[in-house]
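Q: Given the structure of chain E, go ahead and fit chains U and S onto it with the hints provided.
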Amino acid sequence: MNSAVIASHEDYLSSGWSWRSWLTTLDHKRIGILYTIAITLLFGIGGAAAAMIRLDLLTPHSQLVSIETYNKLFTMHGVIMVWFFLIPSIPATLGNFLVPMMVGARDLAFPRLNLASWYLFVAGGLLTIYALLTGGVDTGWTFYAPYSTTFSSSRVFAVASGVFIAGFSSILTGLNFVVTIHEMRAPGMTWFRLPLFIWSMYATSLILVLATPVLAMTLMLMAIERTFGIGVFDPALGGDPLLFQHLFWFYSHPAVYIMIVPAMGVASEIISCFCRKPVFGYRFMAYAILAIAAFGFLVWGHHMFVSGQSAYAGTVFSLLTFLVAVPSAIKVFNWTATLYKGQVSFQAPMLYALGFIGLFTIGGLTGLFLASMGLDIHLHDTYFVVAHFHYIMVGAAVMGFFGGIHFWWPKITGRMYPEGWARFSAILTFVGFNLTFFPQFILGYLGMPRRYPEYPPEFQVWNVLSSAGSSLLVFGYVLPLLYLMWSLRYGERAPANPWNAKGLEWETDSPPPSENFHSTPLVTEEAYAYARAEPPHG
Amino acid sequence: MTRRTDTRPVVYVLVWLALLVLLAVTVGTAYLSLGWATTPLNLTISVTQAALVMLFSMHLRFAHPLLKIIAAIGFFGITILIVLSLFDVMTR
Amino acid sequence: MADGVAVHAPQFDDAEQQRTASNLGIWIFLATEILFFGALFAAYAITRVRFAEAFAAGSRLTNLPLAGVNTAVLLTSSLTMALGVHAARHGARRALIGWLGMTIALGCAFLAIKAVEYRFDYLEHLVPVLDFHYAGPQADQVELFFYLYFFITGVHALHVIIGIGCIATIAVMASRHTFSPAYFTPVDVTGLYWHLVDVIWLFVFPILYLISRS
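Protein chains in written order, with the working numbering: chain E, 1 to 538; chain U, 539 to 630; chain S, 631 to 844.
Bear in mind the hints are in silico, worked out from the structure with no lab data behind them. Small disclaimer: the values here were computed from a predicted structure and weren't measured. Worth double-checking, as some hints may not be accurate.
Per the computed footprint, the stretches of chain E lying under chain U, defined by three or more beta-carbons under 8 Å from a beta-carbon of chain U, are [to be verified]:
hint: 1; segment: 236-244
hint: 2; segment: 312-324
A short list of chain S residues far from chain E (calculated; beta carbon distances all over 12 Å) [said to hold, decoys possible]:
hint: 3; residue: T650
hint: 4; residue: N693
hint: 5; residue: R723
hint: 6; residue: R724
hint: 7; residue: A735
hint: 8; residue: V746
hint: 9; residue: T799
hint: 10; residue: S842
A virtual CB, placed ideally from N, CA and C, is assigned to each residue, including glycine.
If we strip away everything but chain E, and leave its shape as in the complex, we get (with noise of 0.2 Å):
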């Protein structure tokens, strides 16, 4: 079973060498790969924009950069980080590579739409970046009015359409996995033998396809309103700026799904193979992620309890609230099942996900405690929302992604990483992210408004902190990139199945062939169908 497998000729990255053969292909895999450059790039910037953020805030007073700069600074992270590497991160790379395999098909169901995708990211990055390096945005990412549509005089309109472009990416990417999953299935891959992995990216998909046609019209009547100086936001006419926070809420909290889920898919396939058994509760797992998918479109209220809604209205969306918090908990009780009395072993994947269930449990709780209206008076727009979603979306979203980067990573180049450096990685990674976002609930506890350039001076032994944790987060994430690059070229050759792993997707070479498989697979057999016999290798 494990005998290693030398690539043969006919495997997808060796079909072809030239420019040509990437930047026109079909291959959904080569597509992936074509993203995770893409997306790799983008995080450098927007990493480099959060270097400069925690640089700033060393000290009270902000010393290394104007106020206005801080303001791009901190918009430039957001518009970035959320649209241009956190929602495509998994979907587009891992989920691209993987849908088509796990169900045992040879490609997606649309593969010149999924060209499409690349190239419409591309085009909405480039022109985001332009313009954020050009003058830049200083809104926020969530483009408030009527500060976006009257006042503000930066990029606001370049922005916008860039992130306006990259959304039809999104939808373009959902329809053809929703298409995929429903109409591609191998011979006996019914619906309940899927990995999770795919539940996640179906859901994940929903989400995409449903909210974001949500934000390209909030985008465009904020850009009209813009450009024309009227419209339905600005209270000089009667407009009402909340209007376009209920517009831009309503997909931007989905949009947080789409940014975790796929983590949570990542994380069950991980888990199950480095404990040698299957998901604890699979129904209820896949039950729970599509739960999530359709309460998340509920719940957008909360993030505008101190903006202007009504006390009845934010009681009504409180309490949503806390309901969507209940799939996900049965997600970490089931993972955490999932381990009692498992055959753990702890290479660097298993690490990540395990990373991932600690700081998801910790951000999930926290949400709590921003969805009850009284605390959230006191805690909105403070450094503890700021630490409640950089909790999920980074203690939980990144590493599920560096997780599943490491895991697939033998069948997605035919090369093992160095083992070594990658769970070194991951524990730098897990204590440098602890550092810089713990001390920042107690920043927010204590008062400290987000967003600030500026702040009291018994505030800075928990800044100084926060920055040196992402010191070693930057270490953390450069890391991976240096090593996982060494090994493209001087890694040890990956057998199919390194690490003795249930799924289609390890039924054929790696890397492999173009067409995936050699010859239509046959499922007979549950999800996650271990033997305890066999541990992993690797």
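A: Relative to the frame of chain E, chains U and S by itself:
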């Protein structure tokens, strides 16, 4: 997922006539002094017209249940957005 | 693609799977369009609830006769499109091209009538930003009504233009013998898009033109 039964052209024509009749009705009601009830009535007629177009012209009546669900989810999504936002605006 | 030969793209197992997948794909896309316009309808609904009288006053100033005719035109174009898809299913190539041509003509008529309507609006100083002038009370909110009026009908008209482009493309493909009873998916898919543009107008029309005419 594909249609098992074809639709005869005369059905399309009948649907078209029904739509025109409903159009006349909805325009006519705007001239009656119904006050606040005008819009709900107009929207009910719109929903009926939309249903006719979707079921017959867009072949939803023969379609796999999944497609009906997708169409419904689209409208359901708008409903949530409008209802909850209106709830806020009207209870401030 | 030749007459009568059911071909399918390599990622699919057979033509039936391709047809089903394409149908599912277009319906998902239509759902995104419903939500796209839905956000606009939400903006309308919330603003209108706050300024009911101003919106009613604005609505009375819109050109109902032209819009009523336009609605009938669009409904008729939906009929001709449906008949075109029917012709495609039965391999009646000339009939298909004829019906598609009529649909394009009706779509263009819709746009022409809309242009005339816009011109009347302009002459009556109802275009925001350009030279809006309303003598009655709540003029700012009436201007907001017309802002939404032009925004909604403009975005809809954009979709009509795109639709006409798609139908023209289909007509050209049909003239090149691309379609057959075994393969007419692009016609089907374009038809569904066109019908949705119609459905959207069926909601746009009453909320803009029929708020209060008594």
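Q: Going through the numbered hints above, which ones does this structure break? Give me the numbers in ascending order.
A: 3
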